[in-house]
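Participant: Residue numbers (our numbering), protein chains in the order written: chain U, 1 to 315; chain Y, 316 to 588.
Everything labelled a hint here was simulated from the structure, so no lab data went into it. Please read these numbers as outputs of a predicted model, since none were measured by experiment. Heads up, the beta-carbon is just placed ideally off N, CA and C, and yes, glycines get one too. Mixed in with the good hints, there may be bad ones.
As the list claims (entries may be wrong) - Computed footprint of chain Y on chain U, listed as stretches where at least three residues anywhere in the stretch have a Cβ under 8 Å from a Cβ of chain Y:
| hint | segment |
| --- | --- |
| 1 | 32–41 |
| 2 | 223–231 |
Claimed, not checked - Derived pair list, reagent style SDA-like, types lysine to any residue, alpha-carbon separation capped at 20 Å:
| hint | chain 1 | residue 1 | chain 2 | residue 2 |
| --- | --- | --- | --- | --- |
| 3 | U | 315 | Y | 510 |
| 4 | Y | 555 | Y | 565 |
| 5 | U | 226 | Y | 494 |
| 6 | Y | 493 | U | 312 |
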Amino acid sequence: MFSKLTSLVLLSTLLCAAGCSDPTSGGKGIEKFTTWGEEFIEDGIPAGDGTTGFVDGWSLKYGKFLVNYNAISVADAAGHVVAKLDKPRFVDNVHRDEKDLITFPDLDAKAYTQVSYEISTAVANAEIVGDADPADLAMMVSKGLSVYVEGEASKPDPDNAKKQITKTFHWGFKTQTSYRDCHSAEENGISTEGVVVTNNQTDVSQLTTHGDHLYYDSLQSGDNAKPTSIRFEEKAAADDAPNGDGDGEVTLQELCQANIDPSVYNTSGLPGATIGDFVISLARTIGHFRHEGECTIKRIDPVPSGVTNPCDEYK
Amino acid sequence: MSIAIIPRLISVSALLSFSCLAACSSGSDASTTGKRIALHTEITADPVIQSTFTTGFGWDVTLSKAKVATSAFYYFDGPPPTALFKVRKRSIGERIGGFFVGTAWAHPGHYQAGTALGEAIFTAPVAFDLFSAGPVKLADGDGVTGIYRSARFVLPQQAPADDVLNGHLAAVEGQAVKHGQADAKPIYFRLIADYDDISMNVNEGAVDGCVLDETTVTDDGTITVEVKATIWLNLVDFSKIEPGTAAKPTEARDAGFSQGVTQLSAYHFSYSK
């Protein structure tokens with residue numbers, strides 16, 4: 001016990017010494033922002049144990065994962081903005097590998113604790129990143145979308161092991177969301193607020209999109225909460241009678257007719273009571289920072305008159 | 316190493332890290348963090364339940380009784396997994412129908428309570444009547460100064476003696492009519508939840524990650540918990556409950572109700588001087 005405490009004291013002293021020095025002071029550096037959809041968006045989501053893949057036997061492959069990034073901003077602790085995105089960036093993260101969004105050169109080498117961005121309605125003058133399709137941008141603009149996903153989900157037919165049940169989906173989201181005060185995920189107990197620009201170096205911040213969030217069954221979290229899993233069964237069932245048309249295509253409108261089963265889903269008090277309401281709310285959580293890092297997420301689109309639940313905007 | 320030792324080591328480590336931060340800082344934070352303070356405790360109910368409200372499943376609900384048992388509150392500096400944003404003022408009808416619109420967006424599974432800053436632990440479980448007139452004072456708690464951001468609401472294993480609870484941890488009575496069918500025969504209900512029911516959703520009866528309006532606490536004050544029974548009932552499917560009568564409502568357990576009682580958004584904490 002004593003030796004463990006001694007080790008902790010030594011470790012903390014070392015951290016202290018590291019924390020008090022400022023290796024970034026002086027000089028200029030570069031901050032680059034990129035985006036990536038990770039394997040779940042590029043390769044698909046397999047069946048799994050609920051965290052590694054769908055808990056209910058489904059697997060899924062995206063055909064498109066379109067995102068409109070906006071207002072990427074870097075500021076110091078005092079809120080002084082030193083760099084801001086000139087115009088929105090439009091990306092299809094199904095396309096492989098990390099894609100450059102913007103590079104901010106000639107920044108003073110120091111810590112910038114306030115990093116933020118938005119995922120907002122696509123606009124016609126957005127800069128198309130990578131080999132995203134201009135026709136997709138036009139579609140997003142005409143429909144007032146900020147995020148659009150399409151793909152195909154399947155699972156073995158329980159009545160015939162040689163067959164697959166397949167459902168397609170094309171979901172466009174109007175959600176506009178700000179991601180503020182971004183910080184990296186903890187590494188060795190330390191999470192960095194914002195970014196640290198160092199002299200003569202390029203620091204890269206990836207605005208990661210998480211393709212599995214749309215399928216979470218709960219947002220409740222903490223040591224005492226039931227673990228969150230990803231599920232597709234209830235989305236697939238929404239296409240079937242009595243609320244769906246059984247055509248093999250799961251629409252947002254069908255999801256908005258499918259009531260949440262509270263023995264399966266926990267909406268954590270988010271608006272609405274249908275699978276569609278929950279999926280639309282979850283669409284705001286896809287944006288991340290440096291892989292598993294997070295930002296404070298807030299709705300920025302005004303709530304239209306008469307709208308109570310997310311599905312009300314998709315009728 | 317025993318399990319009991321681990322949290323102590325973590326506490327020691329956290330304390331050492333805190334000392335490190337204090338040493339590196341200019342001193343502005345040092346004066347506002349770590350002083351012991353008294354935290355009085357109050358519990359109150361969202362007044363929306365005084366009138367008929369519409370649930371997520373589209374039922375107009377009028378409550379006549381609502382009680383919940385609690386045994387402790389804990390306060391933390393970790394930000395809650397949900398935050399609140401301000402929405403424009405809306406009509407009363409919109410507000411009653413849309414009491415969830417102010418909820419912002421969470422990241423699943425990423426809530427970390429952080430450092431415990433305070434607590435109110437009751438010597439015996441308390442039964443709170445949501446129809447009480449005004450806030451009810453509970454036993455005082457204590458804590459340390461710092462930035463308060465989230466809280467834990469604890470439901471006890473055993474219910475306190477109470478005529479309405481009658482051995483259950485939460486109970487509501489009232490009537491429900493499908494929205495838009497005001498002439499339909501009401502469903503008279505009494506919904507109950509026990510420890511086993513809520514354990515389908517949370518461990519140890521602990522509802523983690525409740526919003527505590529972010530406040531830099533520098534002195535003694537009062538922590539007030541607002542209980543939102545509208546959240547408890549949002550996902551209750553009343554069509555599955557026998558109609559009952561006003562004199563003899565149908566007593567039922569319901570997955571939506573027991574989940575609702577464990578929703579972090581059903582308990583909103585705030586600090587005042």
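Participant: Does each hint hold? Answer for all of them.
Facilitator: Hint check:
1. 32–41: violated (count 0)
2. 223–231: holds (count 6)
3. 315/U / 510/Y: Distance ~40 Å between residue 315/U and residue 510/Y Cα, so the pair is violated.
4. 555/Y / 565/Y: Satisfied, since the Cα-Cα distance of roughly 11 Å is no more than 20 Å.
5. 226/U / 494/Y: Given that 20 Å is the threshold and the Cα spacing comes to 32 Å, the pair is violated.
6. 493/Y / 312/U: holds, 19 Å
Checked against the numbered hints listed earlier, the structure breaks hints 1, 3, 5; every other hint is satisfied.
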